[in-house]
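Model the full structure from these sequences, guided by the hints.
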Amino acid sequence: MGILRYLVRRLLFSVVLVLGVSGIIFFLLNAIGNPIDVLMADNPGITDEALAAVKAYYHLDASVGHRYLIWLGNVARLDFGTSITTNMPVGDMLLTWGAETLKLQIPAIILALLLAIAFAAIAAMRQYSRLDFGVMSSALLGHSLPGFLLGVLLILIFAYWLGIFPSYGAYSTRNPLFGSGVIDGLWHMVLPLTMLTVFNTATLTLLLRANLVDVLRQDFIMAARASGLPERRVVFHHALRNAIIPVLTYLGILFGLMLATAPVTESVFTWPGAGALYLAAIQSLDYPVIMGETLVVTVMLVGFTLLTDLAYVLIDPRIRLD
Amino acid sequence: MALPAPKQRPPGQLQQGWQRLRRNRSGLLGLILITLVVVVALLGPWLAPYAPDDQSAMLGFASGGAPSWAHWLGTDRNGYDVLTRVIYGAPTALAVGLGAMLVAALIGILVGGIAGYLGGVADELLMRLTDLFLVIPVFVMILAVVRLFGIVVVGTWLERVPFLNLTTIVLLLGLFGWPPIARLARAEFLRLKGMDFVEAARCIGAQPLDILFRHILPNALPSLAVVIALGIGGAILSESMISFLGFGDPKAVSWGQLLYFNYQVLKVSPWAVLAPGGAIFITVLGFNLLADGLSDAFNPRLKQ
Amino acid sequence: MSDLLTVDGLRVHFFARSGIAPVVDGIDFAIRPRETLGLVGESGSGKTMASLAVLRLVPPPARIVGGSMRFQDRDLLALDDAAMRGLRGKSIAMIFQNPAYSLNPILTVGDQLIEILRWHEGISRAAARDRVAELLRLVGIADPLHRLRQFPHELSGGMKQRICIGRALLCNPALILADEPTTNLDVTIQAQILDLLEELRERLHMAMLLVSHDMGLVARMAHRITVVYAGRTCETADARSIFHAPLHPYTRALLDSAPRVDHDYEHEVHPVLKTIGGRIPDLAEPPGGCRFHPRCPEATAECAQLRPEPFQVAPGHIVSCLKRGSHGLPT
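Residue numbers (the numbering used here), protein chains in the order written: chain A, 4 to 325; chain B, 216 to 519; chain C, 2 to 332.
These are computed hints drawn from the structure, not numbers from a lab. Be aware that a few hints might be false.
Said to hold, decoys possible - Here are some chain C residues the structure puts well away from chain A; computed CB gaps all over 10 Å:
1) 21
2) 44
3) 63
4) 71
5) 79
6) 94
7) 95
8) 116
9) 139
10) 147
11) 184
12) 201
13) 203
14) 244
15) 285
What the hints assert, rightly or not - Covered stretches of chain B (in silico footprint by chain A; criterion: 3 or more residues with CB under 8 Å from a CB of chain A, positions within the stretch not fixed):
16) 242 to 248
17) 295 to 301
18) 362 to 368
No residue lacks a Cβ here, since even glycine has one placed at the ideal position from N, Cα and C.
Right under this line is the structure:
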């Protein structure tokens with residue numbers, strides 16, 4: 004009963020957050036300039052049809068507040084409007100392009116979490132050893148190395164110099180590599196996936212190792228050892244579970260930002276995902292896509308924050324629902 | 216009557232922290248890296264081998280040339296000397312980082328400090344506002360705002376404002392980068408307002424503003440410095456990514472701009488991408504290490 | 002009767018970046034079956050480190066560097082890791098100082114206890130649960146089945162320490178190491194826990210190493226007492242001799258600084274407890290000779306030069322002090 008009430012309250016607050024953020028973005032973008040004026044200014048050759056479509060969708064005769072409400076009403080029915088540039092429903096576009104982004108991001112986060120657990124456990128169990136120092140130094144370097152720079156290095160080394168992996172795109176344009184569409188797709192994923200995984204692994208390892216070292220110092224770990232449990236079980240069953248709790252927040256942020264960080268990754272690797280879609284939309288002032296995607300990004304952030312909170316409640320018995 | 220100040224004061228929290236920071240290897244390395252960037256930024260005009268707008272390599276068909284005695288880091292596709300552009304990018308990066316964090320720190324400390332000190336309804340309202348700002352997809356939003364703003368200002372007086380685009384980016388990074396600082400400031404003010412020395416100050420009749428700024432804030436600063444140092448590195452990284460994506464300030468010399476202009480010729484002149492990339496890395500690493508060192512230095516509990 | 006555990010010349014060094022600190026530098030003690038040995042010393046005397054060393058659980062960067070430990074006629078330092086693990090929790094169990102920190106906060110009490118029992122005995126979960134419940138009843142927990150489902154933060158401090166005692170008794174060990182088991186409890190609960198420990202030790206035929214800084218507590222519980230100072234054993238004797246005929250100057254100083262029920266403070270000229278002058282030495286740079294000589298009222302020049310060897314003054318009464326007949330070794 005307690006958990007249900009907590010859930011409902013958190014859910015309501017999440018809805019408020021999404022409304023608030025989308026409102027801020029809507030008003031900010033409209034405050035800069037009326038979409039029609041902006042479109043005309045940037046692109047004098049814009050077709051009358053496109054202009055009419057935007058006008059119709061946004062009810063540009065109405066006030067900004069009124070327009071926001073109309074837009075919200077449409078979005079609530081999952082109608083994100085029609086793209087100015089492609090004339091396709093924005094919802095469909097987001098799904099298609101978003102899937103390409105998630106295809107990279109989800110495996111990258113899961114892979115990174117597994118690697119980070121292994122690295123952190125090794126480093127924490129051999130604290131102050133050379134191995135620990137090595138793992139932690141590389142983690143700190145990897146954490147400070149901007150993701151796109153790592154991508155550039157990967158492309159230079161593995162695509163240009165060694166010629167093993169393709170430098171751009173998600174699929175070959177003509178003949179698929181190795182004569183198989185599936186392997187071709189996987190082969191294209193290697194470099195961007197590596198870039199994302201390395202960065203996530205570095206940060207997660209830093210966080211986890213710090214927590215693990217803290218936890219391993221505690222009496223209940225010594226008590227578990229003094230009870231005759233083997234070190235493996237002490238570290239993975241008793242220590243890791245405690246150490247991973249504070250990392251949940253960061254994990255939630257990683258998942259929540261999957262689409263938000265996509266523009267950089269996808270312009271480094273010319274990857275046809277949601278980030279590339281967003282950049283193209285900004286260039287061509289495709290308002291429906293811009294608004295639709297910022298909303299989806301916000302919903303993901305808020306949604307994963309909510310999931311993180313729920314995970315805390317489920318994993319940590321000390322949290323009280325008040 | 217005021218007592219005469221003792222000549223030899225015991226080292227305060229700040230001095231102790233500074234001494235620990237100097238002994239802390241990562242903090243020291245961070246400080247060295249940052250000093251390097253600052254020195255380069257200040258001495259730029261004397262250090263740089265060419266003028267920042269010198270595109271003469273273009274004339275000799277030597278644009279995109281490999282590193283040589285004349286151009287230590289090569290030239291880029293526009294004929295600029297890469298080393299010169301990287302040197303002139305340093306002050307831009309520092310200005311972005313410091314400017315954005317100045318705005319963010321002011322708002323964050325004000326919001327968090329008031330919430331933590333007052334508590335009650337004010338706390339609740341301010342922290343819900345912080346929650347709201349925390350989930351704004353800042354990076355994505357800045358891209359759109361910068362692009363739209365760039366169109367709207369054409370033909371207005373704003374167009375003549377120097378570095379308008381860069382200023383916009385800095386302001387936006389600051390205006391939307393304060394929530395983490397506010398959260399920490401709130402926690403610190405909440406913790407400190409219950410401490411004995413604050414009670415003592417209240418007992419001798421210190422005014423609330425006096426308590427806030429003379430008693431609580433100085434003690435909260437060490438913790439805040441950690442987040443601010445991280446934030447400076449983060450803001451520099453954000454600006455370079457925004458520029459890399461092509462939404463930077465075309466009038467400013469920035470590392471991200473160099474990346475943007477030269478990324479398409481990565482295969483033929485990688486130095487023009489790697490040099491500014493390395494500069495970004497060194498700067499961000501410097502601030503991360505400094506933050507790391509600061510948190511070790513001011514939280515002695517963790518370092519035993 | 003032969004000893005259950007003998008510890009001879011145990012040495013544990015702490016390897017810090019700044020240097021090596023001999024935190025335990027020659028501690029000897031022996032525990033007989035079914036007796037309570039009090040291991041007494043100030044904080045920093047190495048008594049906790051010595052008790053962890055018995056389980057070979059000295060936390061890095063500290064390490065056991067010398068000495069010998071025999072338990073039930075087995076050389077503990079020669080056992081392989083698996084055999085040592087088999088002893089921990091089964092034949093030698095430990096109770097920690099702070100019950101608030103010595104239970105895993107995110108696992109239920111039942112999960113933690115059942116896991117240990119199953120690990121050592123390889124029995125089914127249901128059978129393990131029954132035995133754990135029975136044991137919790139034994140340590141004075143009225144509704145064990147309910148408690149098993151609770152998390153540590155839902156229990157009071159006294160209840161947590163009862164659970165920790167229960168955890169130590171799970172496999173009916175021959176020896177319990179109790180490291181300041183009541184220091185972090187309310188005064189009213191301390192007596193209950195001590196009575197419980199004493200009663201169980203008697204009933205289950207166990208021996209107990211009671212590590213404490215509190216002479217009063219040890220006086221009440223221990224049959225024999227070993228006093229340690231700065232990583233070395235000063236004096237070992239039965240409790241009566243320690244209290245009525247202490248030999249080592251440090252033992253005397255400790256007793257003088259503890260309040261005693263049999264002492265009439267009101268009719269004394271200065272009705273105060275004595276304190277020991279000076280402070281416990283920095284073990285990174287321990288004093289040469291006898292460790293206690295800088296604070297010792299009886300110290301002479303040779304005390305700063307020679308390290309006193311254990312000397313048997315009477316049967317079962319061993320002291321390490323040059324002034325009491327110990328032979329001195331040059332340091």
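Each hint, compared with the structure:
1. 21: 15 Å, holds
2. 44: 16 Å, holds
3. 63: 12 Å, holds
4. 71: 19 Å, holds
5. 79: It holds; residue 79 of chain C is separated from chain A by about 18 Å at its closest Cβ, greater than 10 Å.
6. 94: Answer for residue 94 of chain C: violated, closest chain A Cβ roughly 7 Å.
7. 95: 4 Å, violated
8. 116: At roughly 7 Å from the nearest Cβ of chain A, residue 116 of chain C sits no farther out than 10 Å, so the non-interface label is violated.
9. 139: Residue 139 of chain C clear of chain A: closest Cβ-Cβ about 18 Å, beyond 10 Å.
10. 147: The claim holds: residue 147 of chain C sits with its nearest Cβ about 15 Å from chain A, beyond 10 Å.
11. 184: 13 Å, holds
12. 201: 17 Å, holds
13. 203: 23 Å, holds
14. 244: The claim stands: residue 244 of chain C keeps its Cβ more than 10 Å from every Cβ of chain A (closest is about 31 Å).
15. 285: The claim stands: residue 285 of chain C keeps its Cβ more than 10 Å from every Cβ of chain A (closest is about 18 Å).
16. 242 to 248: violated (count 0)
17. 295 to 301: It is violated: at least three residues are needed, and the region 295 to 301 of chain B offers just 0 whose Cβ sits closer than 8 Å to chain A.
18. 362 to 368: holds (count 5)
When the structure is compared with the earlier hints, violations turn up for hints 6, 7, 8, 16 and 17 and for no others.
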